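Chains as they are written, first to last, in this note's numbering: chain X, 25 to 307; chain V, 178 to 967.
Since the hints were derived computationally from the structure, they do not count as laboratory data. Only a predicted model underlies this, so the values are computations on that prediction, with no experimental measurement involved. Mixed in with the good hints there might be a few duds.
Unchecked claim - FRET-style restraints, in silico, Cβ to Cβ:
#	chain 1	residue 1	chain 2	residue 2	range
1	V	329	X	107	53 to 63 Å
2	X	294	V	333	53 to 63 Å
3	X	244	V	672	31 to 41 Å
Said to hold, decoys possible - As a list, the in silico SDA-like pairs of lysine to any residue whose alpha-carbon atoms are at most 20 Å apart:
#	chain 1	residue 1	chain 2	residue 2
4	V	207	V	663
5	V	665	X	190
6	V	665	X	189
7	V	665	X	232
8	X	68	V	604
9	V	333	X	137
10	X	70	V	207
11	V	665	X	162
12	X	189	V	207
13	X	189	V	662
14	V	735	X	33
15	V	665	X	203
16	X	68	V	663
17	V	333	X	195
18	V	665	X	124
19	V	333	X	164
20	V	665	X	72
21	V	333	X	190
22	V	665	X	253
23	V	665	X	33
24	V	301	V	263
Heads up, the beta-carbon is just placed ideally off N, CA and C, and yes, glycines get one too.
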Amino acid sequence: MKLSRKTKEALSNLIGASRALQQEEGISAEAVSVDEFLPGGVLKGKSGQIYVHEKLRSDVEKNTRRVVSLYRQAELNAFSVELEGRARELEILARTGFSKAVFLDIESTGLFNCPTFLIGTMFLSGDDFVIRQLFARDYSEEKCLIELLSDLLSGFSTIVTFNGKSYDLPFIADRAIYHGTRFINRMFHFDLLHHSRRHWRGVLPNCKLQTLELHVCRRRRVGDIPGSEIPHVYHSFVRTGDPYPMIPVFHHNMLDLITMSELLIELMRREGLIKMRSRAVEG
Amino acid sequence: MARTSTASLTATLDSILSSPDFRGRVKYVKRLKPRKATYGELSPPLVPSLSNAMAKLGIGPLYSHQVRAVELARTGKSFVVVTGTASGKTLCYNIPVLESLLTRERTNAFYVFPTKALAQDQLKALGRIANEEESIARKLRPGTYDGDTAQQTRRKLRETANVILTNPDMLHQGILPYHTRWSRFFSDLDYVVIDELHAYRGIFGSNVANVIRRLRRICSHYGSNPQFILCSATIRNPRELAQELTGVDVELISQDGSPRGPKLFVFWNPPFLDDARMERRSSNVEAKELLVELITKGTQTIAFTKARVVAELIYRYASDDLATRRAGLKDSIRPYRAGYLPEERREIERQLFSGELMGVVSTNALELGIDVGGLDASITVGFPGTIASTWQQAGRAGRGTREALSVLVAYNDAIDQYLMRHPEYFFRQSPENAVIAPDNPYILAGHLCAAAFELPITEQDVELFGSLTEKITNLLEEAEHVKGIDEKWYWSRTDFPAASVNLRTISDDTYTIVDVKRENAVIGTVDAISAPELVYPEAIYLHEGETYFTRELDMEQKIAYVEKSEVDYYTQPVLDTSLRVLRQQKEKEWAGQKVVLGEADVTWATTAFKKIRFYTLESIGYKTLDLPPQHLETCSMWLVPSASLLKSVRAGGENPIEGLAGIRNMMINVVPLFAMCDKQDIGGIIDSSNTGTPAIFIYDRFRGGLGFAEKTYQLIGEVLAACLSLVKECECQEGCPSCVGLPILRPAQHQDPDVYHGWPIPNKRTALEMLSALLVEASVSESTEVRQSL
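Could you build the full structure based on these sequences and the hints that come with them?
Here it is as structure tokens:
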């Protein structure tokens with residue numbers, strides 16, 4: 025971080041400051057706001073409010089019906105298999121039931137010690153999945169974001185993440201400490217990354233989510249926003265209020281969640297919890 | 178190798194003094210009388226496990242100042258202990274902390290040291306106490322947390338430790354920004370111990386003060402409010418410094434209850450080489466001879482030098498000399514460098530303890546270092562810059578109540594010579610004020626960024642960070658570093674602000690110096706203000722004893738390109754300095770003259786340079802330069818002599834401007850004594866354009882000011898009185914670099930301070946007369962005031 029020349033000049037003026045420093049009035053709220061592009065609503069919590077954007081998986085993916093039915097199949101088969109070692113976790117997950125599970129993926133402004141702003145969740149509801157994205161529209165909404173996430177999670181008994189054991193959950197716990205709010209997580213945590221490594225380490229070039237997405241789920245993303253740009257986009261959004269650049273971030277988050285749900289299917293197929301003719305999950 | 182017995186140290190000194198080789202050196206001998214210990218009683222007494230542990234280690238009974246420290250700690254007050262070397266200052270914090278650990282359910286403490294080595298030493302000390310008592314060992318979980326700590330250990334310490342020993346840099350970049358991982362520790366943080374307080378002055382101190390402000394707001398966030406325990410060497414204003422550094426009220430403990438053996442303190446001045454009385458014999462050579470003499474007579478001695486190059490020289494010549502004196506003595510002396518590994522330090526300690534090693538030569542680094550215990554004698558080669566440091570070095574001589582000897586060998590430098598003539602100045606109460614300026618906007622801005630990263634900035638932070646907080650936060654928001662939402666300002670960038678704040682510099686304005694012959698390897702850095710004076714094109718830059726020719730100075734990229742070259746000359750820049758007053762802050766009258774404090778824009782350019790041959794000092798060339806001028810907005814004070822004073826000087830046929838120039842030169846030498854800065858930290862010019870009449874300006878050579886000009890403003894009478902003594906008593910005829918001549922400014926880093934340069938020297942008598950007139954006037958007005966108030 026360098027102080028720009030302008031800042032330096034300003035600082036110079038400051039120490040000899042005889043003229044009052046005029047602060048520019050903040051940019052007034054954009055006429056177009058978040059909900060024009062990402063329909064949803066404001067959700068109030070103890071510490072304030074956040075924005076929630078919701079959609080159905082079936083609005084986005086044609087194969088949703090099929091995916092749901094495969095999950096139901098796995099739930100039934102779970103009682104007739106006996107898996108060993110790490111795979112036992114899959115068995116437990118399926119036996120508990122997918123209505124009790126929530127997929128989770130966070131977007132943040134960095135690796136650690138900085139705010140998170142978008143927490144994407146996806147869960148089974150009837151014969152569809154609900155994708156509910158909790159969004160802090162600025163830094164001051166983060167505390168409420170975490171509290172409302174807590175509330176949401178209390179309705180489930182399993183969390184499914186990709187690398188959440190090392191990243192997402194510790195991150196949230198850390199931010200909870202920062203805000204002085206409680207976040208106790210005693211849910212059963214199924215981390216897709218660990219299981220993916222068991223099957224595909226050494227087979228695929230790496231076990232990144234998008235690599236697995238391409239080779240295992242046979243899906244390809246086009247024009248997705250690079251992860252490294254996400255923090256900048258958010259900071260920019262907070263400053264300017266222009267929601268347009270945020271759309272790809274929500275989209276990216278949603279794609280991650282969807283891929284996670286398909287990855288899980290493939291894992292279950294490999295362990296015999298699902299019987300499918302082919303690997304591709306077609307609608 | 179038998180060491181000197183108590184009585185014979187005096188005999189050794191007598192024989193040295195009476196030796197014809199050393200005739201005339203000793204200017205002054207102060208006999209410091211032994212002092213008996215003053216003890217105290219704690220009521221209520223310490224818990225048994227703690228007093229048992231101390232008894233087993235042979236510690237105790239407690240000295241009066243240690244008792245006072247525990248008493249104050251028990252009341253929850255913050256305090257600073259200012260007692261001598263080896264007075265048991267560490268117990269002043271270890272006892273309260275250990276007592277807390279034994280009596281409270283949860284209590285945590287930070288111990289902050291300026292160096293990692295000190296932290297390691299203190300960790301050992303804590304371990305020694307814990308080893309003696311099971312109950313202490315069970316409760317005490319200490320650890321050093323710094324750059325050397327392994328990752329797994331770091332996690333363990335964060336989660337379980339209750340005493341963390343660290344340093345300001347680690348706090349700044351490695352702990353505070355990650356405070357969520359330290360929530361357990363901060364929630365019950367009861368003590369912050371700051372040792373070697375006097376080290377936190379100038380830029381470093383100003384930055385550390387801000388680190389502490391950040392620490393306190395984080396404590397607040399987790400619900401704790403620790404008390405501060407500080408230890409300092411003797412300076413004039415320990416309480417003021419402690420309060421400015423911590424932001425809390427601090428009590429002072431200065432009565433030293435520890436015992437002292439008798440000490441001889443000797444002021445040693447090398448003799449003049451010639452009758453013109455301009456040059457003296459080399460102080461380094463004198464020091465070496467003294468060192469060799471003492472060691473040969475069985476006196477364990479430590480020598481301190483100001484530069485590494487000098488330490489190496491003295492070590493080499495001394496060990497060669499010793500070899501010729503007696504077989505086996507050659508290896509009885511070792512150099513000590515900062516950066517030794519712990520094992521190497523232990524080895525030296527061991528050898529000193531056993532007597533295998535009779536001498537150590539070191540730079541000042543050692544004064545912040547290892548537990549060598551006491552030696553018999555210390556030699557300080559050249560005044561180290563502060564009286565506080567000199568005492569710390571002298572404090573290394575003396576075991577318990579045995580006799581000790583400390584020698585100060587003077588350089589042919591204005592202040593050294595002044596001290597030789599005025600030893601009482603050294604021995605009475607210290608004039609040295611440690612000065613910091615935590616609200617300097619350039620320093621503050623970086624820390625506000627770091628603070629925003631840690632927790633959003635709020636209104637409450639104005640109390641901590643001062644009145645400029647709001648303005649700077651607004652600027653940061655304009656620059657898109659922070660975003661204000663509902664009266665809280667959040668860090669709104671992806672980068673990590675603490676990484677761009679260097680605690681030892683004032684801004685990211687440094688030039689790198691690269692060696693073109695070695696693929697632009699970086700060989701040094703210099704601050705942006707000094708760069709145009711040190712590495713202008715064709716300048717000879719001295720680095721580690723080698724001469725480098727400056728090929729190019731890129732002021733855009735802030736890089737100086739140099740290459741090693743064998744030359745027999747060095748260069749001296751010619752500076753064209755001008756000053757424009759921006760704002761007046763305070764004004765007063767002193768001795769009928771106007772004295773002002775304010776802000777100024779100093780402009781200077783290196784317009785030319787001279788080439789001067791080494792040793793002969795003849796001028797062999799001059800070349801003009803065309804470099805863009807530099808601007809510096811800073812704090813300045815100015816003294817405006819009255820029209821009547823100027824008139825009376827002219828009436829006597831003298832040029833008042835020369836008198837002012839001489840006074841200005843002396844002030845640059847003298848102010849560092851009062852404000853604990855270096856000569857290169859301040860600048861001065863004579864200028865008429867601002868006030869319409871000639872005035873002396875003294876300013877801080879740091880953007881935003883660091884408090885030195887301000888201190889000069891406050892103490893103008895004392896500063897000028899010291900200048901008068903300086904010029905009156907200088908033995909030169911017409912003026913010399915030791916009094917009214919231009920002081921040696923910014924010598925290249927490792928240059929032998931014995932060499933000095935020739936400059937036109939202002940008229941000594943004029944300066945003398947003006948100062949006398951001023952000071953007479955000053956005492957008259959003081960007595961007028963006194964009379965009026967009676």
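Here is how each hint holds up against the structure:
{"no.": "1", "hint": "V:329 / X:107: 53 to 63 Å", "in the structure": "violated, 33 Å"}
{"no.": "2", "hint": "X:294 / V:333: 53 to 63 Å", "in the structure": "violated, 39 Å"}
{"no.": "3", "hint": "X:244 / V:672: 31 to 41 Å", "in the structure": "holds, 33 Å"}
{"no.": "4", "hint": "V:207 / V:663", "in the structure": "violated, 65 Å"}
{"no.": "5", "hint": "V:665 / X:190", "in the structure": "violated, 31 Å"}
{"no.": "6", "hint": "V:665 / X:189", "in the structure": "violated, 32 Å"}
{"no.": "7", "hint": "V:665 / X:232", "in the structure": "violated, 37 Å"}
{"no.": "8", "hint": "X:68 / V:604", "in the structure": "violated, 70 Å"}
{"no.": "9", "hint": "V:333 / X:137", "in the structure": "holds, 19 Å"}
{"no.": "10", "hint": "X:70 / V:207", "in the structure": "violated, 73 Å"}
{"no.": "11", "hint": "V:665 / X:162", "in the structure": "holds, 11 Å"}
{"no.": "12", "hint": "X:189 / V:207", "in the structure": "violated, 70 Å"}
{"no.": "13", "hint": "X:189 / V:662", "in the structure": "violated, 32 Å"}
{"no.": "14", "hint": "V:735 / X:33", "in the structure": "holds, 18 Å"}
{"no.": "15", "hint": "V:665 / X:203", "in the structure": "holds, 14 Å"}
{"no.": "16", "hint": "X:68 / V:663", "in the structure": "holds, 17 Å"}
{"no.": "17", "hint": "V:333 / X:195", "in the structure": "holds, 19 Å"}
{"no.": "18", "hint": "V:665 / X:124", "in the structure": "violated, 39 Å"}
{"no.": "19", "hint": "V:333 / X:164", "in the structure": "violated, 32 Å"}
{"no.": "20", "hint": "V:665 / X:72", "in the structure": "holds, 15 Å"}
{"no.": "21", "hint": "V:333 / X:190", "in the structure": "holds, 18 Å"}
{"no.": "22", "hint": "V:665 / X:253", "in the structure": "violated, 25 Å"}
{"no.": "23", "hint": "V:665 / X:33", "in the structure": "violated, 25 Å"}
{"no.": "24", "hint": "V:301 / V:263", "in the structure": "holds, 17 Å"}
Checked against the numbered hints given earlier, the structure breaks hints 1, 2, 4, 5, 6, 7, 8, 10, 12, 13, 18, 19, 22, 23 and satisfies all the rest.
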